[in-house]
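Make a model of the complete structure from these sequences and hints.
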Amino acid sequence: MRVDWVTFWPRILEATGETITMVIFTLVFSSMIGIAMGLLFFVTRKGNILENKFIFSFLNILVNIVRPIPFIILLVALSPLTRAVMGTTIGTAAAVFPMTIAACFAVARIVENNLVSIDPGIIEAAQAMGASPLRIIFGVLIPEALGPLILGLTFVTVGLVDFSAMAGTVGGGGLGDLAMSYGYQRFDTSVMIVTVVILILLVQIAQFVGNFLSRVFLRR
Amino acid sequence: MITFDRVNKVFGFEGREVHAVKDVSLTIHQGEIFGIVGFSGAGKSTLLRLVNQLERPTSGKVIVNGLEISSISQQELRKLRRRIGMIFQSFNLFNSRTVYGNVAYPLKLAKKSKKEVDDRVKELLRFVGLEDKAGQYPEQLSGGQKQRVGIARALATSPEILICDEATSALDPETTEEILHLLKKVNEEYNITILLITHEMNVVRRICDRMAVMEKGQVIEQGSVYEIFTNPKSKTAKNFVSSLLNDKLSPKLLERIRRDHSGRIYRVIFTRDNSSEPILSLVAQKYQIVFSILYGSIHEFQDRLFGNLIVEFRGSDVEVDRVVEELKTMVEVREVTEHES
Ligand SMILES: Nc1ncnc2c1ncn2[C@@H]1O[C@H](COP(=O)(O)OP(=O)(O)OP(=O)(O)O)[C@@H](O)[C@H]1O
Ligand SMILES: [Mg+2]
Numbered sequence: 001m002r003v004d005w006v007t008f009w010p011r012i013l014e015a016t017g018e019t020i021t022m023v024i025f026t027l028v029f030s031s032m033i034g035i036a037m038g039l040l041f042f043v044t045r046k047g048n049i050l051e052n053k054f055i056f057s058f059l060n061i062l063v064n065i066v067r068p069i070p071f072i073i074l075l076v077a078l079s080p081l082t083r084a085v086m087g088t089t090i091g092t093a094a095a096v097f098p099m100t101i102a103a104c105f106a107v108a109r110i111v112e113n114n115l116v117s118i119d120p121g122i123i124e125a126a127q128a129m130g131a132s133p134l135r136i137i138f139g140v141l142i143p144e145a146l147g148p149l150i151l152g153l154t155f156v157t158v159g160l161v162d163f164s165a166m167a168g169t170v171g172g173g174g175l176g177d178l179a180m181s182y183g184y185q186r187f188d189t190s191v192m193i194v195t196v197v198i199l200i201l202l203v204q205i206a207q208f209v210g211n212f213l214s215r216v217f218l219r220r
Numbered sequence: 001m002i003t004f005d006r007v008n009k010v011f012g013f014e015g016r017e018v019h020a021v022k023d024v025s026l027t028i029h030q031g032e033i034f035g036i037v038g039f040s041g042a043g044k045s046t047l048l049r050l051v052n053q054l055e056r057p058t059s060g061k062v063i064v065n066g067l068e069i070s071s072i073s074q075q076e077l078r079k080l081r082r083r084i085g086m087i088f089q090s091f092n093l094f095n096s097r098t099v100y101g102n103v104a105y106p107l108k109l110a111k112k113s114k115k116e117v118d119d120r121v122k123e124l125l126r127f128v129g130l131e132d133k134a135g136q137y138p139e140q141l142s143g144g145q146k147q148r149v150g151i152a153r154a155l156a157t158s159p160e161i162l163i164c165d166e167a168t169s170a171l172d173p174e175t176t177e178e179i180l181h182l183l184k185k186v187n188e189e190y191n192i193t194i195l196l197i198t199h200e201m202n203v204v205r206r207i208c209d210r211m212a213v214m215e216k217g218q219v220i221e222q223g224s225v226y227e228i229f230t231n232p233k234s235k236t237a238k239n240f241v242s243s244l245l246n247d248k249l250s251p252k253l254l255e256r257i258r259r260d261h262s263g264r265i266y267r268v269i270f271t272r273d274n275s276s277e278p279i280l281s282l283v284a285q286k287y288q289i290v291f292s293i294l295y296g297s298i299h300e301f302q303d304r305l306f307g308n309l310i311v312e313f314r315g316s317d318v319e320v321d322r323v324v325e326e327l328k329t330m331v332e333v334r335e336v337t338e339h340e341s
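Sequence lines, in order, name chains A and B. Numbering follows our numbering, in which position 39 of the first sequence is assigned residue number 39; successive positions increment by one, without gaps. Numbering follows our numbering, in which position 11 of the second sequence is assigned residue number 11; successive positions increment by one, without gaps.
The reader is advised that the hints may include incorrect statements.
Said to hold, decoys possible - 20 Å max Cα-Cα, derived DMTMM-like pairs, lysine to aspartate or glutamate: (1) A:LYS46 to B:GLU17; (2) B:LYS108 to A:GLU124; (3) B:LYS238 to B:GLU332; (4) A:LYS46 to B:GLU14; (5) A:LYS46 to B:GLU55; (6) B:LYS133 to B:GLU123; (7) B:LYS79 to A:GLU124; (8) A:LYS53 to B:GLU14.
Stated by the list, open to error - Covered stretches of chain A (in silico footprint by chain B; criterion: 3 or more residues with CB under 8 Å from a CB of chain B, positions within the stretch not fixed): (9) 123–137; (10) 140–146.
Unchecked claim - Some chain B residues close to chain A (C-beta under 8 Å, calculated; not the full set): (11) ARG81; (12) PHE88; (13) PHE94; (14) SER96; (15) TYR105; (16) PRO106; (17) LEU109.
Everything labelled a hint here was simulated from the structure, so no lab data went into it. Beta carbons: idealized from backbone N, C-alpha and C, even for Gly.
Next up, the structure:
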């Protein structure tokens, strides 16, 4: 059974909007939470400016438990929690919740990795000037790591397009949903091709914007 | 003024303990440049880092400007740190900030107004000779320029003390001279006390007033630079001194000198008061013998000269003996033997 393209275009457009919404909201929330987690992870490390064994171990265990779980399983496993928090498990808004949970751990790791690569001497110089831990975090750690951090977030964004397709199949809407229900279940190759092309375009745009921004901050 | 009073620092390290600073008592006076030399691992950096509490002492007291710093609160410590500038071997500039931004950062921490920051940064960049580099990023600078930024940044909050961890070790000899010159200027124009550590004796000789030698965590010798250079007591101090004075005569060189010179060979050491007078010529003339200088050097420490020469005297044994007797009343003279160190 073929779709009628005259009436189907608005659906494609709507689905594209849903995918973009899911990705952007998830990116914003998971960046906020993930960056905070990554920073906390880094500064509570042994020998670092806010060394704290308890917080560090707690975060470490949490990350190590959540990270290896495949997203599709996390999606299902989190659905009771999603219902509790968002009121429903169906729809674009509801999909943002599990996507954020999954993505913030990835962001936390990326943030931590980028912070570790900052020369400890630079942090020490700031300490020697009498900078408080908070001033070091916002005035030194974040600016010093910003360039590679943006590349890391771009990488996450591309992954989120992938997540959004999966979330779509369990009721999140968006291009993934469309591709699955029309392209796969109803064997409509043209829908499949159109959605795939749009997804590729979205990824390209995200990568382009990310590269551009990181170049601005790396000044290279 | 900085006082170390029986300070110890022990690093616990997976059951193994490293006694990095051992029972050090030392006073660095207001306005002087004090140098600490020692081989790698002697504990110099650790000692230096105790001054601004980047390390806390295991026992003993570190007193900076009258404050016993291990007893003060975090907030007081941050305030104190603004009175102690620090520069590093690897510069440790903020790569994400321009030259201007680097120098401005400590002023922003001190909550200075925009105008105050701007005036001070410009003044400092002029002082270190980098006005034209304000908008550049550290990666665009040479090592010497980076260290100038480091110095300007360390001076931003007008500290009374500047501590330097191997500030010139990453630089070539010429740039080292420039930076040392700049440090001297910092000391003289702003009357800032400088405590520096280094493994290069040249650095100490060029700018320090007093110095200490560290070995295995301990201060094994201290005194004025002139004293230690002209009369080192410990083996380590002697090694450091001769690394610079280049006054050791290798057996090979001695052998060659003996082959080419038939006269008697002496080491003549001139110290503070007499190194500018023509003692050798006067005495040689008086006894009508010939001498020639074969090897050695004359150095300047703190505006005083120090000469260490290998001299051949040619004449009869009796005449040479008389010359040596007379010289001994004025300078240090020793006959050169085969195994002299
Ligand atoms: N944070 C630390 N933890 C454990 N051991 C340390 C630490 N810092 C220094 N040490 C040890 O303390 C000793 C003295 O080190 P320090 O860095 O003070 O020497 P140094 O004289 O500055 O040497 P260099 O000239 O190589 O810089 C060394 O044995 C070193 O391994
Ligand atoms: Mg060192």
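- Message: Does PHE94 of chain B hold up as a contact with chain A if the rule is Cβ-Cβ below 8 Å?
- Response: holds, 6 Å
- Query: Are the Cα atoms of LYS108 of chain B and GLU124 of chain A separated by 20 Å or less?
  - Reply: holds, 17 Å
- Sort out whether GLU124 of chain A lies within 20 Å of LYS79 of chain B, counting only the CA atoms. Distance ~16 Å between LYS79 of chain B and GLU124 of chain A Cα, so the pair holds.
- Item | Proposed proximity, GLU14 of chain B with LYS46 of chain A (alpha carbon, max 20 Å) | Roughly 13 Å separates the two Cα atoms, so the pair holds.
- Message: Between the alpha carbons of LYS238 of chain B and GLU332 of chain B, is the straight-line distance 20 Å or under?
- Response: Holds, at about 17 Å.
- In terms of beta carbon proximity below 8 Å, does the stretch 140–146 of chain A have 3 or more residues touching chain B? As far as the stretch 140–146 of chain A goes, the hint holds, because 4 residues have Cβ atoms under 8 Å from chain B.
- Can we keep the LEU109 of chain B interface hint, with Cβ of chain A closer than 8 Å? At about 5 Å, which falls below the 8 Å cut-off, the nearest Cβ of chain A leaves the hint on LEU109 of chain B intact, so it holds.
- Query: Under the criterion of a CB-CB separation shorter than 8 Å, is TYR105 of chain B in contact with chain A as hinted?
  - Reply: holds, 7 Å
- Coverage of the stretch 123–137 of chain A by chain B (three or more Cβ within 8 Å): holds (count 10)
- Query: Is it true that the CA of LYS133 of chain B sits at most 20 Å from the CA of GLU123 of chain B?
  - Reply: holds, 13 Å
- Query: Are the Cα atoms of LYS46 of chain A and GLU17 of chain B separated by 20 Å or less?
  - Reply: Cα-Cα ~18 Å, so holds.
- Message: Next item in the hint list is PRO106 of chain B. Is there a CB on chain A closer than 8 Å to its CB?
- Response: Cβ of PRO106 of chain B sits 4 Å from chain A, so the hint holds.
The structure is consistent with each of the numbered hints, conforming to all of them.
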